[in-house]
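So the sequence shown is numbered by the UniProt record's numbering: it starts at 1 and just counts up by one.
Honestly, the hints are just simulated from the structure, not real lab data. None of these values were measured; they are calculated from a predicted model. All C-beta atoms, glycine included, are put in the ideal place defined by N, C-alpha and C. Treat the hints with caution; some may be incorrect.
Think about it this way: if two alpha-carbon atoms lie no more than 20 Å apart in a straight line, the pair counts; the simulated PhoX-like pairs of lysine-lysine are [as the list claims (entries may be wrong)]:
(1) K148 to K185
(2) K361 to K480
(3) K340 to K370
(4) K268 to K211
(5) K268 to K295
(6) K340 to K119
(7) K390 to K434
(8) K185 to K211
(9) K480 to K370
(10) K123 to K295
(11) K401 to K388
(12) K123 to K434
(13) K129 to K388
(14) K324 to K299
(15) K176 to K148
(16) K119 to K75
(17) K295 to K75
(18) K293 to K268
(19) K388 to K324
(20) K173 to K211
(21) K268 to K361
(22) K75 to K129
(23) K123 to K193
(24) K340 to K293
Okay, the calculated beta carbon distance ranges per label pair [as the list claims (entries may be wrong)]:
(25) K268 to L400: 18 to 26 Å
(26) R269 to K193: 17 to 25 Å
(27) F359 to L518: 44 to 52 Å
(28) S506 to S534: 21 to 29 Å
(29) L355 to K434: 25 to 33 Å
(30) L355 to L146: 47 to 55 Å
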Amino acid sequence: MALVNPFPLHTKTCFPLHLPFPPSSNQYSSQSQLSSLSSLTHSFKPLSLSRRNHGRCEAVADIKTETLIDGEDHKVLVGPSSEEERRGDRVVADYDWEEEWYPLYLTQNVPEDAPLGLKVFDKQLVLFKDANDQFHCYEDRCPHRLAKLSEGQLVDGRIECLYHGWQFEGEGKCVKIPQLPADAKIPRSACVKTYEVRDSQGVLWVWMSRKTPPNVSKIPWFENFARPGFQDVSTTHELPYDHSILLENLMDPAHIPISHDRTDWTAKREDAQPLLFEVTERTDRGFAGWWGKEKDGSKPNFLRFGAPCVLQNNREIVGENGEKNYFTGLFLCTPTGQGKSLLIVRFGSTIRSPLAKLFPKWYFHQNASKVFEQDMGFLSSQNEILLKEKVPTKELYLNLKSSDTWVAEYRKWMDKVGHGMPYHFGHSTISLPKEPAVVEHAPAGLVAGLSASSPAKGGIGTMHAPNLANRYFRHVIHCKGCRSVVKAFQFWKNALSAVAIVLAASAILVSGRQWKALLLVSASLCSAGVFACSTAITMNTTNFIRTHRRL
1 MALVNPFPLH TKTCFPLHLP FPPSSNQYSS QSQLSSLSSL THSFKPLSLS
51 RRNHGRCEAV ADIKTETLID GEDHKVLVGP SSEEERRGDR VVADYDWEEE
101 WYPLYLTQNV PEDAPLGLKV FDKQLVLFKD ANDQFHCYED RCPHRLAKLS
151 EGQLVDGRIE CLYHGWQFEG EGKCVKIPQL PADAKIPRSA CVKTYEVRDS
201 QGVLWVWMSR KTPPNVSKIP WFENFARPGF QDVSTTHELP YDHSILLENL
251 MDPAHIPISH DRTDWTAKRE DAQPLLFEVT ERTDRGFAGW WGKEKDGSKP
301 NFLRFGAPCV LQNNREIVGE NGEKNYFTGL FLCTPTGQGK SLLIVRFGST
351 IRSPLAKLFP KWYFHQNASK VFEQDMGFLS SQNEILLKEK VPTKELYLNL
401 KSSDTWVAEY RKWMDKVGHG MPYHFGHSTI SLPKEPAVVE HAPAGLVAGL
451 SASSPAKGGI GTMHAPNLAN RYFRHVIHCK GCRSVVKAFQ FWKNALSAVA
501 IVLAASAILV SGRQWKALLL VSASLCSAGV FACSTAITMN TTNFIRTHRR
551 L
(Lines of atoms letter the chains of each structure in order from A and count residues from 1; the text may use other names and numbers.)
(Lines give C-alpha, C1' and ligand atoms only; values in the text may rest on other atoms or scores of the structure.)
Protein backbone atom coordinates (compact mmCIF):
# COMPACT_ATOMS: atom_id res chain seq x y z
CA MET A 1 0.00 0.00 0.00
CA ALA A 2 1.29 3.45 -0.84
CA LEU A 3 -0.37 6.72 -0.04
CA VAL A 4 -0.18 10.00 -1.84
CA ASN A 5 0.92 12.28 0.95
CA PRO A 6 2.04 15.85 1.42
CA PHE A 7 5.56 14.99 2.46
CA PRO A 8 8.50 14.65 0.07
CA LEU A 9 10.14 11.24 -0.30
CA HIS A 10 7.47 9.88 1.94
CA THR A 11 6.31 6.64 0.39
CA LYS A 12 6.53 3.02 1.32
CA THR A 13 8.71 2.18 -1.62
CA CYS A 14 11.58 4.59 -1.13
CA PHE A 15 11.02 5.79 2.39
CA PRO A 16 12.57 4.22 5.52
CA LEU A 17 10.97 4.43 8.86
CA HIS A 18 12.05 4.21 12.42
CA LEU A 19 9.84 3.41 15.39
CA PRO A 20 10.86 5.43 18.42
CA PHE A 21 9.71 4.77 21.95
CA PRO A 22 10.45 6.53 25.23
CA PRO A 23 13.21 5.04 27.36
CA SER A 24 11.80 2.03 29.16
CA SER A 25 12.44 -1.64 29.48
CA ASN A 26 9.63 -2.43 27.08
CA GLN A 27 10.15 0.09 24.32
CA TYR A 28 12.77 0.78 21.74
CA SER A 29 14.90 3.90 21.63
CA SER A 30 14.53 5.94 18.46
CA GLN A 31 18.05 6.08 17.05
CA SER A 32 19.24 2.56 17.84
CA GLN A 33 22.66 1.84 16.45
CA LEU A 34 23.11 -1.17 14.22
CA SER A 35 25.50 -2.68 16.69
CA SER A 36 22.99 -2.61 19.52
CA LEU A 37 20.26 -3.91 17.24
CA SER A 38 22.46 -6.77 16.09
CA SER A 39 23.28 -7.74 19.65
CA LEU A 40 19.62 -8.45 20.29
CA THR A 41 19.49 -10.92 17.45
CA HIS A 42 21.28 -13.61 19.48
CA SER A 43 18.52 -13.70 22.09
CA PHE A 44 15.85 -14.56 19.56
CA LYS A 45 14.72 -18.13 18.92
CA PRO A 46 12.36 -18.18 15.99
CA LEU A 47 10.02 -20.93 15.00
CA SER A 48 9.57 -22.74 11.75
CA LEU A 49 9.47 -26.11 10.10
CA SER A 50 10.83 -27.00 6.69
CA ARG A 51 8.57 -26.33 3.73
CA ARG A 52 6.49 -29.31 2.74
CA ASN A 53 7.58 -30.85 -0.57
CA HIS A 54 4.49 -30.54 -2.77
CA GLY A 55 4.43 -31.51 -6.41
CA ARG A 56 7.06 -29.53 -8.27
CA CYS A 57 6.25 -26.85 -10.77
CA GLU A 58 8.56 -24.83 -12.96
CA ALA A 59 9.03 -21.06 -12.74
CA VAL A 60 9.69 -19.37 -16.06
CA ALA A 61 11.33 -15.94 -16.22
CA ASP A 62 10.00 -13.26 -18.60
CA ILE A 63 13.23 -12.89 -20.55
CA LYS A 64 15.58 -15.70 -19.68
CA THR A 65 13.87 -19.05 -19.35
CA GLU A 66 15.23 -20.87 -16.33
CA THR A 67 13.74 -23.85 -14.56
CA LEU A 68 14.35 -23.75 -10.81
CA ILE A 69 15.11 -27.14 -9.33
CA ASP A 70 14.33 -27.83 -5.68
CA GLY A 71 17.99 -27.60 -4.67
CA GLU A 72 18.23 -24.08 -6.04
CA ASP A 73 15.07 -22.70 -4.41
CA HIS A 74 17.08 -21.51 -1.42
CA LYS A 75 18.77 -18.94 -3.64
CA VAL A 76 15.54 -17.01 -4.15
CA LEU A 77 13.16 -18.13 -1.39
CA VAL A 78 13.24 -17.05 2.25
CA GLY A 79 14.61 -19.93 4.31
CA PRO A 80 15.28 -20.70 7.98
CA SER A 81 16.73 -17.78 9.90
CA SER A 82 18.20 -19.67 12.87
CA GLU A 83 19.52 -23.06 13.99
CA GLU A 84 16.33 -23.67 15.96
CA GLU A 85 14.27 -23.13 12.85
CA ARG A 86 16.49 -25.45 10.81
CA ARG A 87 16.05 -28.18 13.41
CA GLY A 88 12.31 -27.61 13.46
CA ASP A 89 12.31 -26.66 17.15
CA ARG A 90 9.26 -24.74 18.25
CA VAL A 91 10.03 -21.68 20.34
CA VAL A 92 7.10 -20.22 22.25
CA ALA A 93 7.13 -16.78 23.88
CA ASP A 94 5.11 -15.75 26.91
CA TYR A 95 2.29 -13.73 25.37
CA ASP A 96 -1.27 -12.74 26.26
CA TRP A 97 -3.11 -10.63 23.70
CA GLU A 98 -5.21 -8.98 26.42
CA GLU A 99 -2.15 -7.61 28.22
CA GLU A 100 -1.50 -5.12 25.45
CA TRP A 101 -2.47 -1.58 24.48
CA TYR A 102 -4.47 -1.43 21.26
CA PRO A 103 -4.98 1.73 19.18
CA LEU A 104 -8.67 2.60 19.36
CA TYR A 105 -9.19 5.89 17.54
CA LEU A 106 -7.70 9.23 16.61
CA THR A 107 -8.44 11.55 19.51
CA GLN A 108 -9.53 14.39 17.23
CA ASN A 109 -12.24 12.24 15.62
CA VAL A 110 -14.04 11.01 18.74
CA PRO A 111 -17.63 12.35 18.60
CA GLU A 112 -18.46 15.06 21.11
CA ASP A 113 -22.16 14.25 21.36
CA ALA A 114 -22.51 10.50 20.87
CA PRO A 115 -20.98 7.21 22.04
CA LEU A 116 -18.77 5.32 19.60
CA GLY A 117 -18.94 1.54 19.15
CA LEU A 118 -15.58 -0.18 18.52
CA LYS A 119 -14.08 -3.68 18.70
CA VAL A 120 -10.79 -5.35 19.56
CA PHE A 121 -10.86 -8.93 18.29
CA ASP A 122 -14.28 -10.16 19.48
CA LYS A 123 -14.56 -7.71 22.40
CA GLN A 124 -17.20 -5.05 21.79
CA LEU A 125 -16.39 -1.68 23.33
CA VAL A 126 -18.04 1.71 23.58
CA LEU A 127 -15.98 4.90 23.80
CA PHE A 128 -17.28 8.31 24.83
CA LYS A 129 -16.23 11.66 26.25
CA ASP A 130 -17.93 12.89 29.43
CA ALA A 131 -18.88 16.43 30.45
CA ASN A 132 -15.34 17.02 31.76
CA ASP A 133 -13.76 15.99 28.44
CA GLN A 134 -12.51 12.74 29.98
CA PHE A 135 -12.54 9.60 27.84
CA HIS A 136 -14.19 6.42 29.08
CA CYS A 137 -14.32 2.95 27.57
CA TYR A 138 -16.93 0.39 28.63
CA GLU A 139 -17.99 -3.03 27.49
CA ASP A 140 -20.63 -2.31 24.84
CA ARG A 141 -23.41 -4.06 26.72
CA CYS A 142 -26.03 -2.78 29.11
CA PRO A 143 -26.22 -5.04 32.21
CA HIS A 144 -30.02 -4.83 32.09
CA ARG A 145 -30.89 -6.70 28.88
CA LEU A 146 -27.62 -6.66 26.89
CA ALA A 147 -28.55 -3.82 24.53
CA LYS A 148 -25.61 -2.04 22.92
CA LEU A 149 -24.69 1.14 24.76
CA SER A 150 -23.13 2.47 21.55
CA GLU A 151 -26.68 2.69 20.16
CA GLY A 152 -27.52 5.01 23.03
CA GLN A 153 -26.89 8.69 23.64
CA LEU A 154 -25.01 11.05 25.95
CA VAL A 155 -27.05 12.89 28.57
CA ASP A 156 -25.20 15.45 30.70
CA GLY A 157 -21.95 13.59 30.09
CA ARG A 158 -23.41 10.20 31.02
CA ILE A 159 -24.05 7.38 28.58
CA GLU A 160 -27.68 6.31 28.37
CA CYS A 161 -29.00 3.02 27.05
CA LEU A 162 -31.80 3.78 24.60
CA TYR A 163 -33.65 0.57 25.43
CA HIS A 164 -34.87 1.52 28.92
CA GLY A 165 -32.92 4.68 29.76
CA TRP A 166 -30.40 3.32 32.25
CA GLN A 167 -27.53 5.79 32.63
CA PHE A 168 -23.87 5.14 33.51
CA GLU A 169 -20.92 7.35 34.35
CA GLY A 170 -17.34 7.32 35.60
CA GLU A 171 -16.10 3.83 36.39
CA GLY A 172 -19.21 2.18 34.96
CA LYS A 173 -21.55 2.98 37.86
CA CYS A 174 -25.28 3.07 37.12
CA VAL A 175 -26.71 6.40 38.29
CA LYS A 176 -30.25 6.29 36.92
CA ILE A 177 -32.96 3.68 36.27
CA PRO A 178 -36.23 5.40 35.28
CA GLN A 179 -38.34 2.32 36.09
CA LEU A 180 -36.98 1.96 39.65
CA PRO A 181 -39.42 2.86 42.48
CA ALA A 182 -38.65 6.13 44.25
CA ASP A 183 -37.78 4.45 47.55
CA ALA A 184 -35.57 1.75 45.99
CA LYS A 185 -31.81 1.81 45.57
CA ILE A 186 -29.99 1.02 42.36
CA PRO A 187 -28.61 -2.55 42.60
CA ARG A 188 -24.85 -2.65 43.10
CA SER A 189 -24.59 -5.19 40.28
CA ALA A 190 -26.09 -2.70 37.84
CA CYS A 191 -22.73 -1.57 36.50
CA VAL A 192 -20.79 -2.03 33.29
CA LYS A 193 -17.31 -3.44 32.79
CA THR A 194 -14.68 -0.78 32.12
CA TYR A 195 -11.39 -0.70 30.24
CA GLU A 196 -8.47 1.65 30.84
CA VAL A 197 -7.99 4.14 28.02
CA ARG A 198 -5.13 6.61 27.52
CA ASP A 199 -4.51 9.45 25.09
CA SER A 200 -0.96 9.46 23.71
CA GLN A 201 0.28 11.64 20.83
CA GLY A 202 -3.19 12.08 19.39
CA VAL A 203 -4.21 8.40 19.56
CA LEU A 204 -6.45 6.72 22.14
CA TRP A 205 -5.13 3.37 23.39
CA VAL A 206 -7.10 0.77 25.33
CA TRP A 207 -5.69 -1.81 27.77
CA MET A 208 -7.69 -4.99 27.14
CA SER A 209 -6.90 -6.94 30.30
CA ARG A 210 -9.29 -6.70 33.23
CA LYS A 211 -7.12 -9.01 35.34
CA THR A 212 -3.74 -7.29 35.09
CA PRO A 213 -3.24 -3.60 35.95
CA PRO A 214 -2.41 -1.43 32.92
CA ASN A 215 1.29 -1.38 32.04
CA VAL A 216 1.73 2.23 30.91
CA SER A 217 5.29 1.58 29.76
CA LYS A 218 3.88 -0.57 26.95
CA ILE A 219 2.16 2.40 25.30
CA PRO A 220 4.28 3.14 22.21
CA TRP A 221 6.00 6.51 21.99
CA PHE A 222 6.92 7.77 18.56
CA GLU A 223 9.87 10.11 18.82
CA ASN A 224 9.52 11.70 15.41
CA PHE A 225 5.99 12.84 16.22
CA ALA A 226 7.39 14.78 19.18
CA ARG A 227 10.04 16.61 17.14
CA PRO A 228 9.69 20.38 16.63
CA GLY A 229 8.02 21.21 13.33
CA PHE A 230 6.79 17.66 12.72
CA GLN A 231 3.51 17.63 10.76
CA ASP A 232 1.37 14.66 9.82
CA VAL A 233 -1.73 13.70 7.87
CA SER A 234 -3.71 11.06 9.77
CA THR A 235 -6.59 8.94 8.47
CA THR A 236 -8.73 6.07 9.74
CA HIS A 237 -10.00 3.19 7.62
CA GLU A 238 -12.23 0.22 8.38
CA LEU A 239 -11.22 -2.72 6.19
CA PRO A 240 -12.80 -6.11 5.33
CA TYR A 241 -9.87 -8.41 5.98
CA ASP A 242 -7.85 -9.75 8.89
CA HIS A 243 -5.35 -7.43 10.56
CA SER A 244 -2.52 -9.88 9.89
CA ILE A 245 -3.17 -9.66 6.15
CA LEU A 246 -3.33 -5.88 6.47
CA LEU A 247 0.04 -5.81 8.26
CA GLU A 248 1.55 -8.05 5.58
CA ASN A 249 0.34 -5.63 2.94
CA LEU A 250 1.72 -2.59 4.75
CA MET A 251 5.17 -4.11 5.26
CA ASP A 252 5.41 -5.16 1.60
CA PRO A 253 7.14 -2.39 -0.41
CA ALA A 254 7.55 -4.66 -3.45
CA HIS A 255 3.86 -4.56 -4.42
CA ILE A 256 3.61 -0.78 -4.64
CA PRO A 257 4.85 -0.18 -8.21
CA ILE A 258 2.42 -2.82 -9.51
CA SER A 259 -0.70 -2.44 -7.37
CA HIS A 260 -0.55 1.35 -7.11
CA ASP A 261 0.89 2.22 -10.50
CA ARG A 262 0.49 5.99 -11.12
CA THR A 263 -1.63 6.46 -8.00
CA ASP A 264 0.82 9.22 -7.16
CA TRP A 265 4.01 10.59 -8.70
CA THR A 266 6.22 7.92 -7.09
CA ALA A 267 4.56 4.57 -7.90
CA LYS A 268 5.38 3.28 -11.41
CA ARG A 269 5.15 -0.34 -12.49
CA GLU A 270 8.38 -0.10 -14.48
CA ASP A 271 10.13 0.52 -11.13
CA ALA A 272 9.27 -2.98 -9.86
CA GLN A 273 12.62 -4.50 -8.90
CA PRO A 274 14.41 -6.70 -6.35
CA LEU A 275 14.92 -5.19 -2.90
CA LEU A 276 17.57 -5.59 -0.22
CA PHE A 277 16.63 -6.49 3.36
CA GLU A 278 18.68 -6.77 6.54
CA VAL A 279 17.02 -8.01 9.72
CA THR A 280 18.86 -6.43 12.65
CA GLU A 281 16.57 -7.32 15.54
CA ARG A 282 14.29 -10.19 16.51
CA THR A 283 12.61 -10.29 19.91
CA ASP A 284 9.46 -11.65 21.48
CA ARG A 285 7.96 -8.19 20.89
CA GLY A 286 8.62 -8.01 17.15
CA PHE A 287 11.44 -7.35 14.69
CA ALA A 288 13.26 -4.54 12.91
CA GLY A 289 15.67 -3.93 10.09
CA TRP A 290 16.79 -1.94 7.08
CA TRP A 291 15.74 -2.16 3.45
CA GLY A 292 16.24 -0.47 0.12
CA LYS A 293 16.46 -0.97 -3.64
CA GLU A 294 19.01 -3.48 -4.89
CA LYS A 295 20.05 -1.25 -7.78
CA ASP A 296 20.94 1.53 -5.33
CA GLY A 297 23.07 -0.82 -3.26
CA SER A 298 21.91 0.77 -0.01
CA LYS A 299 19.26 0.27 2.67
CA PRO A 300 18.23 3.74 3.88
CA ASN A 301 14.78 2.74 5.19
CA PHE A 302 14.26 1.45 8.73
CA LEU A 303 11.20 -0.69 9.46
CA ARG A 304 10.03 -1.82 12.87
CA PHE A 305 7.11 -4.00 13.84
CA GLY A 306 6.11 -3.99 17.50
CA ALA A 307 3.49 -6.05 19.32
CA PRO A 308 0.63 -6.18 19.14
CA CYS A 309 -0.09 -4.32 15.88
CA VAL A 310 2.24 -1.33 15.37
CA LEU A 311 4.24 -0.94 12.16
CA GLN A 312 6.55 1.97 11.46
CA ASN A 313 8.76 2.86 8.52
CA ASN A 314 11.22 5.73 9.02
CA ARG A 315 13.88 7.62 7.16
CA GLU A 316 16.40 10.25 8.14
CA ILE A 317 17.77 12.57 5.45
CA VAL A 318 20.72 14.91 5.96
CA GLY A 319 20.74 18.01 3.75
CA GLU A 320 23.73 19.71 2.19
CA ASN A 321 23.90 22.09 5.12
CA GLY A 322 23.95 19.20 7.59
CA GLU A 323 20.33 19.73 8.65
CA LYS A 324 18.46 16.52 9.42
CA ASN A 325 14.89 15.89 8.37
CA TYR A 326 12.81 12.99 9.61
CA PHE A 327 10.07 11.10 7.78
CA THR A 328 7.66 8.59 9.29
CA GLY A 329 4.91 6.32 8.05
CA LEU A 330 3.03 4.90 11.02
CA PHE A 331 0.40 2.15 10.71
CA LEU A 332 -1.69 1.16 13.72
CA CYS A 333 -3.67 -1.97 12.82
CA THR A 334 -6.37 -3.03 15.26
CA PRO A 335 -8.03 -6.46 14.86
CA THR A 336 -11.80 -5.91 14.97
CA GLY A 337 -13.05 -9.45 14.47
CA GLN A 338 -12.68 -12.26 11.98
CA GLY A 339 -11.90 -10.80 8.58
CA LYS A 340 -12.08 -7.18 9.80
CA SER A 341 -9.62 -4.54 10.95
CA LEU A 342 -9.40 -0.85 11.77
CA LEU A 343 -6.34 1.03 10.53
CA ILE A 344 -4.96 4.38 11.65
CA VAL A 345 -2.47 5.75 9.11
CA ARG A 346 -0.15 8.63 10.02
CA PHE A 347 2.28 10.05 7.47
CA GLY A 348 4.47 12.88 8.73
CA SER A 349 7.78 14.69 8.47
CA THR A 350 9.72 17.70 9.71
CA ILE A 351 9.61 19.21 6.21
CA ARG A 352 6.61 19.60 3.96
CA SER A 353 6.42 19.82 0.19
CA PRO A 354 5.29 23.29 -0.97
CA LEU A 355 3.10 21.57 -3.56
CA ALA A 356 1.15 19.84 -0.79
CA LYS A 357 -0.03 23.20 0.54
CA LEU A 358 -2.08 23.64 -2.62
CA PHE A 359 -4.25 20.63 -1.82
CA PRO A 360 -6.87 20.39 0.98
CA LYS A 361 -6.53 17.63 3.56
CA TRP A 362 -9.61 15.83 2.29
CA TYR A 363 -7.82 15.25 -1.02
CA PHE A 364 -5.12 13.21 0.71
CA HIS A 365 -7.77 11.38 2.72
CA GLN A 366 -9.73 10.29 -0.34
CA ASN A 367 -6.52 9.26 -2.06
CA ALA A 368 -5.64 7.08 0.93
CA SER A 369 -9.04 5.42 0.58
CA LYS A 370 -8.33 4.88 -3.11
CA VAL A 371 -5.08 3.09 -2.28
CA PHE A 372 -6.81 0.63 0.04
CA GLU A 373 -9.49 0.00 -2.57
CA GLN A 374 -6.79 -0.93 -5.06
CA ASP A 375 -5.62 -3.68 -2.70
CA MET A 376 -8.99 -4.71 -1.32
CA GLY A 377 -9.99 -7.33 -3.88
CA PHE A 378 -6.97 -9.59 -3.62
CA LEU A 379 -6.48 -9.04 0.12
CA SER A 380 -10.07 -10.12 0.80
CA SER A 381 -9.57 -13.22 -1.36
CA GLN A 382 -6.32 -13.96 0.48
CA ASN A 383 -8.27 -13.85 3.74
CA GLU A 384 -10.82 -16.32 2.36
CA ILE A 385 -8.15 -18.76 1.16
CA LEU A 386 -6.35 -18.80 4.53
CA LEU A 387 -9.60 -19.69 6.29
CA LYS A 388 -10.50 -22.29 3.70
CA GLU A 389 -7.14 -24.08 3.43
CA LYS A 390 -6.55 -24.26 7.21
CA VAL A 391 -2.77 -24.71 6.88
CA PRO A 392 0.19 -22.50 7.89
CA THR A 393 1.38 -19.91 5.42
CA LYS A 394 4.59 -21.82 4.63
CA GLU A 395 2.36 -24.36 2.85
CA LEU A 396 0.79 -21.62 0.74
CA TYR A 397 3.26 -18.76 0.29
CA LEU A 398 6.38 -18.55 -1.87
CA ASN A 399 8.25 -15.79 -0.03
CA LEU A 400 11.09 -14.30 -2.06
CA LYS A 401 14.20 -12.99 -0.32
CA SER A 402 14.12 -9.98 -2.62
CA SER A 403 10.55 -8.93 -1.79
CA ASP A 404 8.91 -10.83 1.07
CA THR A 405 11.45 -10.87 3.90
CA TRP A 406 9.29 -8.79 6.25
CA VAL A 407 6.22 -10.93 5.54
CA ALA A 408 8.15 -14.09 6.47
CA GLU A 409 9.48 -12.43 9.63
CA TYR A 410 5.99 -11.40 10.67
CA ARG A 411 4.49 -14.86 10.18
CA LYS A 412 7.40 -16.43 12.09
CA TRP A 413 6.78 -13.99 14.93
CA MET A 414 3.15 -15.15 14.90
CA ASP A 415 4.44 -18.71 15.42
CA LYS A 416 6.00 -17.58 18.71
CA VAL A 417 3.06 -15.66 20.14
CA GLY A 418 -0.01 -16.99 18.29
CA HIS A 419 -0.88 -19.33 21.15
CA GLY A 420 -1.70 -16.21 23.16
CA MET A 421 -4.16 -14.84 20.56
CA PRO A 422 -7.80 -15.73 19.87
CA TYR A 423 -6.63 -17.12 16.51
CA HIS A 424 -3.61 -16.78 14.27
CA PHE A 425 -2.04 -17.81 10.96
CA GLY A 426 1.68 -18.31 11.42
CA HIS A 427 4.50 -19.49 9.20
CA SER A 428 4.48 -23.01 10.66
CA THR A 429 1.48 -22.98 13.01
CA ILE A 430 -2.15 -21.96 12.97
CA SER A 431 -5.02 -21.76 15.42
CA LEU A 432 -8.41 -21.29 13.79
CA PRO A 433 -11.17 -19.14 15.30
CA LYS A 434 -13.07 -21.11 17.92
CA GLU A 435 -16.25 -19.08 17.52
CA PRO A 436 -18.06 -18.36 14.24
CA ALA A 437 -17.91 -14.80 12.99
CA VAL A 438 -20.87 -12.66 14.05
CA VAL A 439 -22.63 -10.89 11.19
CA GLU A 440 -24.34 -7.72 12.35
CA HIS A 441 -27.17 -6.55 10.15
CA ALA A 442 -28.01 -2.87 9.80
CA PRO A 443 -31.59 -1.64 10.34
CA ALA A 444 -33.63 -2.17 7.18
CA GLY A 445 -36.47 -0.25 5.61
CA LEU A 446 -37.41 3.36 5.01
CA VAL A 447 -38.48 4.03 8.61
CA ALA A 448 -35.17 2.78 9.98
CA GLY A 449 -33.28 4.85 7.45
CA LEU A 450 -35.21 7.99 8.32
CA SER A 451 -34.84 7.49 12.06
CA ALA A 452 -31.10 6.83 11.87
CA SER A 453 -28.91 9.78 12.79
CA SER A 454 -26.85 10.82 9.77
CA PRO A 455 -24.02 10.31 9.14
CA ALA A 456 -22.84 8.17 12.07
CA LYS A 457 -25.79 5.79 11.91
CA GLY A 458 -26.37 5.80 8.17
CA GLY A 459 -29.20 7.37 6.21
CA ILE A 460 -31.02 7.06 2.93
CA GLY A 461 -29.03 6.13 -0.17
CA THR A 462 -26.17 3.79 -0.93
CA MET A 463 -23.54 6.32 0.11
CA HIS A 464 -24.54 5.89 3.76
CA ALA A 465 -25.16 2.14 3.67
CA PRO A 466 -23.21 0.28 6.41
CA ASN A 467 -20.98 -1.74 4.11
CA LEU A 468 -17.21 -2.19 4.32
CA ALA A 469 -17.05 -2.04 0.54
CA ASN A 470 -18.37 1.52 0.71
CA ARG A 471 -15.80 4.35 1.02
CA TYR A 472 -18.17 6.52 3.01
CA PHE A 473 -18.63 3.82 5.62
CA ARG A 474 -14.97 2.77 5.65
CA HIS A 475 -13.50 6.24 6.14
CA VAL A 476 -15.80 9.26 6.07
CA ILE A 477 -17.84 8.29 9.14
CA HIS A 478 -14.55 7.96 11.06
CA CYS A 479 -13.27 11.40 10.03
CA LYS A 480 -14.78 14.65 11.31
CA GLY A 481 -13.01 16.66 8.62
CA CYS A 482 -14.29 14.58 5.70
CA ARG A 483 -17.82 14.46 7.12
CA SER A 484 -17.85 18.24 7.33
CA VAL A 485 -16.47 18.52 3.79
CA VAL A 486 -19.12 16.18 2.36
CA LYS A 487 -21.89 18.06 4.15
CA ALA A 488 -20.53 21.40 2.93
CA PHE A 489 -20.30 20.22 -0.67
CA GLN A 490 -23.83 18.77 -0.46
CA PHE A 491 -25.15 22.10 0.84
CA TRP A 492 -23.48 24.11 -1.92
CA LYS A 493 -24.55 21.60 -4.56
CA ASN A 494 -28.18 21.99 -3.53
CA ALA A 495 -27.91 25.76 -3.17
CA LEU A 496 -26.22 26.25 -6.55
CA SER A 497 -28.71 23.90 -8.21
CA ALA A 498 -31.59 26.00 -6.91
CA VAL A 499 -29.92 29.23 -7.99
CA ALA A 500 -29.16 27.81 -11.46
CA ILE A 501 -32.84 26.85 -11.91
CA VAL A 502 -34.00 30.31 -10.84
CA LEU A 503 -31.51 32.02 -13.15
CA ALA A 504 -32.46 29.81 -16.10
CA ALA A 505 -36.17 30.45 -15.51
CA SER A 506 -35.52 34.19 -15.27
CA ALA A 507 -33.60 34.11 -18.55
CA ILE A 508 -36.65 32.65 -20.24
CA LEU A 509 -38.95 35.30 -18.83
CA VAL A 510 -36.91 38.46 -19.44
CA SER A 511 -37.00 40.10 -22.85
CA GLY A 512 -33.72 42.03 -23.00
CA ARG A 513 -30.87 40.24 -24.78
CA GLN A 514 -28.25 41.52 -22.40
CA TRP A 515 -30.21 40.31 -19.39
CA LYS A 516 -30.80 36.93 -21.02
CA ALA A 517 -27.10 36.55 -21.73
CA LEU A 518 -26.12 37.60 -18.21
CA LEU A 519 -28.61 35.26 -16.56
CA LEU A 520 -27.65 32.32 -18.79
CA VAL A 521 -23.94 32.85 -18.11
CA SER A 522 -24.67 33.02 -14.39
CA ALA A 523 -26.77 29.85 -14.60
CA SER A 524 -23.94 28.13 -16.45
CA LEU A 525 -21.44 29.14 -13.78
CA CYS A 526 -23.76 27.81 -11.08
CA SER A 527 -24.12 24.56 -13.03
CA ALA A 528 -20.34 24.31 -13.21
CA GLY A 529 -20.25 24.78 -9.44
CA VAL A 530 -22.82 22.00 -9.06
CA PHE A 531 -20.63 19.73 -11.17
CA ALA A 532 -17.54 20.59 -9.09
CA CYS A 533 -19.40 19.89 -5.84
CA SER A 534 -20.73 16.60 -7.22
CA THR A 535 -17.21 15.60 -8.26
CA ALA A 536 -15.83 16.37 -4.80
CA ILE A 537 -18.64 14.37 -3.14
CA THR A 538 -17.94 11.46 -5.49
CA MET A 539 -14.23 11.58 -4.71
CA ASN A 540 -14.99 11.29 -1.01
CA THR A 541 -17.68 8.62 -1.19
CA THR A 542 -17.21 6.44 -4.30
CA ASN A 543 -14.94 3.43 -4.55
CA PHE A 544 -12.07 3.27 -6.99
CA ILE A 545 -12.65 0.67 -9.71
CA ARG A 546 -9.84 -0.52 -11.94
CA THR A 547 -10.34 0.39 -15.59
CA HIS A 548 -10.55 -3.20 -16.84
CA ARG A 549 -13.37 -3.93 -14.36
CA ARG A 550 -15.55 -0.92 -15.11
CA LEU A 551 -18.82 -1.47 -16.94
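Are the Cα atoms of K129 and K388 separated by 20 Å or less?
41 Å, violated
So if I understand the rule, the pair passes when the alpha-carbon distance is 20 Å or less; does K295 with K75 pass?
18 Å, holds
For the hint 25 to 33 Å, verify it against the beta carbon of L355 and that of K434.
About 51 Å separates the Cβ atoms of L355 and K434, which means 25 to 33 Å is violated.
Given the hinted pair K361 and K480, is their alpha-carbon gap at most 20 Å?
12 Å, holds
S506 versus S534 beta-carbon gap, inside 21 to 29 Å or not:
23 Å, holds
Hinted pair, alpha-carbon criterion (20 Å max): K123, K295. Please report holds or violated.
46 Å, violated
17 to 25 Å as the expected CB spacing between K193 and R269, which holds or is violated:
At 50 Å between Cβs, range violated.
Take a quick look at whether K176 and K148 sit within 20 Å of each other, Cα to Cα.
17 Å, holds
Mind checking the alpha carbons of K148 and K185 for me, to see if they're no more than 20 Å apart?
This hinted pair is violated, its Cα atoms lying about 24 Å apart.
Holds or violated: K268 and K361, Cα atoms, limit 20 Å.
Since the Cα atoms of K268 and K361 sit roughly 24 Å apart, the hinted pair is violated (cutoff 20 Å).
Tell me if the straight-line CA distance from K185 to K211 falls inside 20 Å.
29 Å, violated
Next pair to validate is K480 with K370; report whether the Cα-Cα distance is within 20 Å.
19 Å, holds
This entry does not satisfy hints 1, 4, 8, 10, 11, 13, 16, 19, 21, 22, 24, 26, 27 and 29, going by the numbered hints stated previously.
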